[in-house]
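> Spelled out, the chains give:
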Amino acid sequence: MAPPFGLQITFYLFLAGVASGSALVACATVHRADARAFATGKRCLLLTIIAMALGILCLISDLANPRDFILILTQANPHSAIAWGARIVLAFTLMAVFCWSLYRTKTRGSASRGERLALWILQLLALAVAIYPGFVLWQAEGVDLWNRWSMVPMLGFSGLHAGLAAGFLCSLGHRTAMPIGLLAVERMVLAALLVFACYFLIESGPWHHAMAYWALFLGAVLPIIILAKKPENAGILTGCCALAGSFLLRAWLIQDGQHLFF
Amino acid sequence: MPALPKIPWESIGPEHRLDYKRAFMLIDLNRCTGCHSCSVSCKTEHEVPLGNFRMRVRYLERPDRPTLAFLPLLCMQCQDAPCLKACPTEAIGRLDDGRVVINDEKCCGNKACIAACPYGAISINEETSKAEKCDFCTHRTEIGLAPACVASCPTDAIRFGDLDDPQDPVTQEAQAKQARPFREDADTAPSVLYVDHERWMEPKSNLGVRLSPEDDDIIYEQNNLSSKII
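Residue numbers (the working numbering), protein chains in the order written: chain A, 1 to 262; chain B, 1 to 230.
Check before you lean on any hint, since a few could be wrong.
Derived pair list, reagent style SDA-like, types lysine to any residue, alpha-carbon separation capped at 25 Å [stated by the list, open to error]:
hint : chain 1 : residue 1 : chain 2 : residue 2
1    : B       : 130       : B       : 184
2    : B       : 43        : A       : 64
3    : B       : 130       : A       : 76
Example chain A residues on the side facing chain B (calculated, C-beta under 7 Å, incomplete) [said to hold, decoys possible]:
hint : residue
4    : 71
5    : 72
6    : 79
7    : 80
8    : 82
9    : 83
10   : 142
Over 10 Å on every C-beta distance to chain A, these chain B residues come out as not near it, computed from the model [what the hints assert, rightly or not]:
hint : residue
11   : 19
12   : 63
13   : 101
14   : 144
15   : 177
Derived by calculation from the structure, the hints in this document are not laboratory data.
Glycine included, each C-beta is placed from N, C-alpha and C at the ideal position.
All chains should be built: construct the whole structure from the sequences, respecting the hints.
Shown next, in the form of structure tokens:
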């Protein structure tokens, strides 16, 4: 019998993280007058929509029947984290599409009251999408590796960092397109990710699959080293490392969670 | 009330009993011989596909002497069931007698219940892609028959009764033998109690009912059986 959770869930967790982080980058840049920042914001909005569309496809393909996704949305179990998550994911995707439609035809950034409100709502939903997968895994009492509170901040910061990294990749290496505040946020998210990932690895046992250590190294340690050295292409390097680390982390969690405890 | 069907070769006592305040099972590990008749009868009764189990018997090597202990595992019908809370579509519900049942129509197969169950008692039926688990044979007990595993157990190691009825002989036996739930730390108020269950069994049994031929499980290793029983 195959493990119940497969590659689709790994991809979904990865794509949801990327979408949430890139939506935050979009919210910080798309209203700016600077042409590079505006272009980056638009690309990030598009990336958010594509990532969420693919993520929802992964989720749906994991169900017994694709129509059952509608069942999850309509049959409300207020105690189920997944039921809330499905609604948050759908609201986030729709909001990203709405924001994209606001800026799609524009050639430079603007921030009317309505646009600001839409971006604020998108930011809040992006944070919710970043946090909730960790919350769902934390609720899994049958899987010892997942059933830890530290899963929530670790997956949340990992997803946000992957999304921020993807956002920087969308800026095509022009870190000047990023507001200084966002660069500071990236460093804080990276530091928090390192702390919580180390805590999680120590708390969940001394020995893990090599994939876990690669995820930590690629996703947090190497980006910190690169940022400290500040080479010319630091943004692209850290972006690629963060995305690879983020995917490896989820692949390890899904694989080892089931391999060891199911 | 319509007359009950007469099935003399299967009954749960001198009288067919239909009403349970809290259905429960008592599993006496001293009596279990690991014969697998419970898991086989369960598979037959529910037409469980190859590779899936609603109930299975784990063979555990005892730490204190060179022999094996047998541990039948099934859904614990928890009063505080984590699967019930985890299901997004409310496909998992509770009957009046405390049994936790899955509604196939509502099940979307998203496996949240599998991850939530601390006993590993739920699996996905690969033919229907829906979740399935033991429900104490609701279809049998509602016409007065014992669950299939109870009826087939040759040593009466598995018994079915009403935990809220102090006159029930099975309840009295559970009290007399100080039966305890499995993995009390999970704090889910299970409705399956074990006699002479020992702590060392718990970490060794966490594979639950989801095992595959690749796993280290004796049911798939009949050829090596003699080497396991030293």
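> When the nearest CB of chain B is found for residue 79 of chain A, is that gap smaller than 7 Å?
holds, 4 Å
> Holds or violated: is the Cβ of residue 80 of chain A closer than 7 Å to a Cβ in chain B?
holds, 4 Å
> Could you let me know if the closest chain A CB is still more than 10 Å away from the CB of residue 63 of chain B?
holds, 21 Å
> Verify this label for me: residue 19 of chain B is non-interface relative to chain A, using a Cβ-Cβ cutoff of 10 Å.
holds, 29 Å
> Residue 177 of chain B clear of chain A by more than 10 Å, beta carbon to beta carbon?
holds, 28 Å
> Mind checking the CB of residue 72 of chain A against every CB in chain B and telling me if the closest is under 7 Å?
Holds: closest Cβ of chain B sits about 5 Å from residue 72 of chain A, inside 7 Å.
> Sort out whether residue 64 of chain A lies within 25 Å of residue 43 of chain B, counting only the CA atoms.
holds, 22 Å
> Would the least Cβ to Cβ distance between residue 101 of chain B and chain A come out above 10 Å?
Check passes; 15 Å lies beyond 10 Å.
> Does residue 83 of chain A hold up as a contact with chain B if the rule is Cβ-Cβ below 7 Å?
Result: holds, 4 Å to nearest chain B Cβ.
> Grab the minimum beta-carbon distance between residue 144 of chain B and chain A and tell me whether it stays above 10 Å.
holds, 33 Å
> Mind checking the alpha carbons of residue 130 of chain B and residue 76 of chain A for me, to see if they're no more than 25 Å apart?
holds, 19 Å
> Please verify that hint: residue 82 of chain A, Cβ, nearest Cβ of chain B, below 7 Å or not.
It holds, given that the least Cβ distance between residue 82 of chain A and chain B is near 4 Å, below 7 Å.
In the structure shown, a violation is registered for the earlier hint numbered 1 alone.
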